[in-house]
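Visitor: Residue numbers (the working numbering), protein chains in the order written: chain A, 678 to 1096; chain B, 678 to 1096.
Hints were generated in silico from the structure; no laboratory data involved. Ideal Cβ positions, reconstructed from N, Cα and C, are used throughout, including at glycine. There may be inaccurate statements among the hints.
Here are the computed distance ranges between Cβ atoms for each label pair [what the hints assert, rightly or not]:
1) P768/A - T1011/B: 25 to 35 Å
2) T708/A - T708/B: 52 to 62 Å
3) P1070/B - R683/A: 50 to 60 Å
4) L712/B - A959/A: 26 to 36 Å
5) R697/A - E720/B: 36 to 46 Å
There are 2 protein chains.
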Amino acid sequence: MKPQRRVFVVGGAQTPFLGRARPEFLSFRDTRKGLGRNPSAEEHLRAAVLGALSATGVDPAAIDRAWLSNFLGECFVRQGHMGAMLAAAHPALEGKPIARMEAACASGGVCLATAVDALQAVCDVALVAGVEVETNVKGGEGVDHMALAAHWEKQRGISEFVFPHLFARRARAWKEAYGGTSRDLAGVVWKSRRHARDNPDALHHHTDTSLDALDTVSDHNRTFLEDPDLHDHMRIADSTEFTDGAAAVILATEAGLARLGLRPDDCTELLSYGFSVRALGAETDPTRLVNVAAAARQALGDAGLAPADVDVAEVHDCFSVTEAQHYAALGFCTDAEAPSAMRAGAFERDGQVAVNPSGGLLGAGHPIGATGVRQALDLWRQLRGRAGACQVPGSPRIGLSSNLGGDDRTGVVMVQRAL
Amino acid sequence: MKPQRRVFVVGGAQTPFLGRARPEFLSFRDTRKGLGRNPSAEEHLRAAVLGALSATGVDPAAIDRAWLSNFLGECFVRQGHMGAMLAAAHPALEGKPIARMEAACASGGVCLATAVDALQAVCDVALVAGVEVETNVKGGEGVDHMALAAHWEKQRGISEFVFPHLFARRARAWKEAYGGTSRDLAGVVWKSRRHARDNPDALHHHTDTSLDALDTVSDHNRTFLEDPDLHDHMRIADSTEFTDGAAAVILATEAGLARLGLRPDDCTELLSYGFSVRALGAETDPTRLVNVAAAARQALGDAGLAPADVDVAEVHDCFSVTEAQHYAALGFCTDAEAPSAMRAGAFERDGQVAVNPSGGLLGAGHPIGATGVRQALDLWRQLRGRAGACQVPGSPRIGLSSNLGGDDRTGVVMVQRAL
């Protein structure tokens, strides 16, 4: 989808993405000791929204509409109807049209795409916020909740760990089909973790890990799938971790910018999006991301760009193999070229295309509802030269984000350009 | 919001709304005896979508985009990511942009409003489907799930029955402020039940009840709130019941109709919508529906109509008092006039304005995600003269629907007209 009315990303904010890897995070033991509590979903959400208003100088009364991205509020924090919770973030939002969208881990991308649609005809200034709190339950319960992104009736029986199973299947198939290795996948994690050290809001901002540690099964990096065919293809570090956080961005048309007293060159431009959904519970091709590839072709085609035009990408590395399969899905190389390109550093911050310079989901964390929004914000930062220590060198001009839901079922790919 | 590109309701379908009041519904005891099972959420959804395609003759390949309305799939049927479940309803939907929206009981209205937005610029044929299954858990668990439409942290402690408590508070305030009685509210239920007997898809199609029975506390019509101030203001029959079901409608622009080989006068026109959201957990005015009134003013104002122009309305009678408070919120009378207007039959099928000729939520059932979509479908039926025994006499020209989420927190009001 190519906007006929131009859409600009004005800016935004996020909360620090919190989880066990952050020093300020309180464990169950800490909270039992009365050392305090972690921020609630509503507190994360309000902080991100007020942060976005503050960072952009936007008067909240100027916002026409808002969208709230969240996947599992009902399960983790027993909260539905979170669009109305977003209305509570600032008194000026009262009475505006606001709703929550949910597409599993692609909820943020779906909200952004819907905001772009609305900006074509029915509004000029849009707020998109995403939030998730996932650390307030025990791990096993959290894993069960995540399985709701798959087809519960058909797929819950495949493993105690539905998504690690589905993506271990991808890891195995990817290695067998294209000659990749577990060390290549550990390399994806290592890259994300190194990048995250430069990102003060990242879950793994303080984590220091070696490639060897990530490629070694240990007490800190266990294998946990019982299926003997998959056991060796998924280690703890290959997976994202439970994370709490929120992110918010403001989008506007040219008329909207005029209302806000801003100019296009204060912003980035959202050039296009691709948005493709496939049947939940259907058999997927474990060797590639078919649906992401379709969304990427739409997004790049509508923007009149080729994969080689992309300078920086924020992709959905829910597991290490998901990023490995993204390289070909986004057209940065062929499937067969991916392992060698990875080994050659093609996707490092100073590589052919910088992939996840923020740390991605593996390094920066994956508070699900916030992820797609955080991706858009991180591209904005890169394209505005505002990414601090995460900045991709050489003034990147074109950024691409890919936000994925389920086992390649919902895909939203968006293209931003510097102005 | 008034569409600049005209939007037409092509038609749709629903499944029979199932629950304990339907003879074909299987109780827990029946299913334990091996007598079968009730349809799953996916089966309801597919039946409604295929039914809508069949009823309208629309080729699913011609659908550009789709939206899925659902409130509590994660809780009742352990299913998130239901946009991708909608993609599974027909092979031709594969690869299209589809997502779920959630705004508690207003989810359907929010999906319809979003579809109208998209039809302004980015698509020409839209499918909106809603589904909920609520009968698969015990009542107490179901009541807990429903409470997720309120602010969980702030409001879960007010009662074991959060929403019955909030609306009993409204019932008490409405009676005290305007002189209404419990019998007036029983009269709302009685009207809905009588109308539902004419609706073959209604939960209460087979139920025969008297006003006296609805106005008498009995084993079948218990009071259940412990709070002595509210105890007398909520009986079982004043509340909607757990219901399973789905509904789907197809919307199109003029260009979309041309693609489908249809003409405007095969359809109704969606003239406008109002969409207003207020802060979750904030104090509400128990005497009136402030937010619904705001949405109604927007919808009618944008359509260039007055409340007196409305011939038929499908309103959100989640509790009997909710309908009673709707009369003034929609401008059909003042707050003070409502009790006498109700007693005079103003909102009967042959009254001043026919309210809930389908049976509404109290009579037809309230499978939450389906409700807003079902309301749009029932208006289409009325305005096309296709409402069978539910038909409002005198060829109604203007229909209004009001879909409400939480305690007057999300409101979507839509206006349709006959062509």
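Visitor: Let me make sure I understand: some of the numbered hints might not hold for this structure. Which ones are they, in numerical order?
Guide: 2
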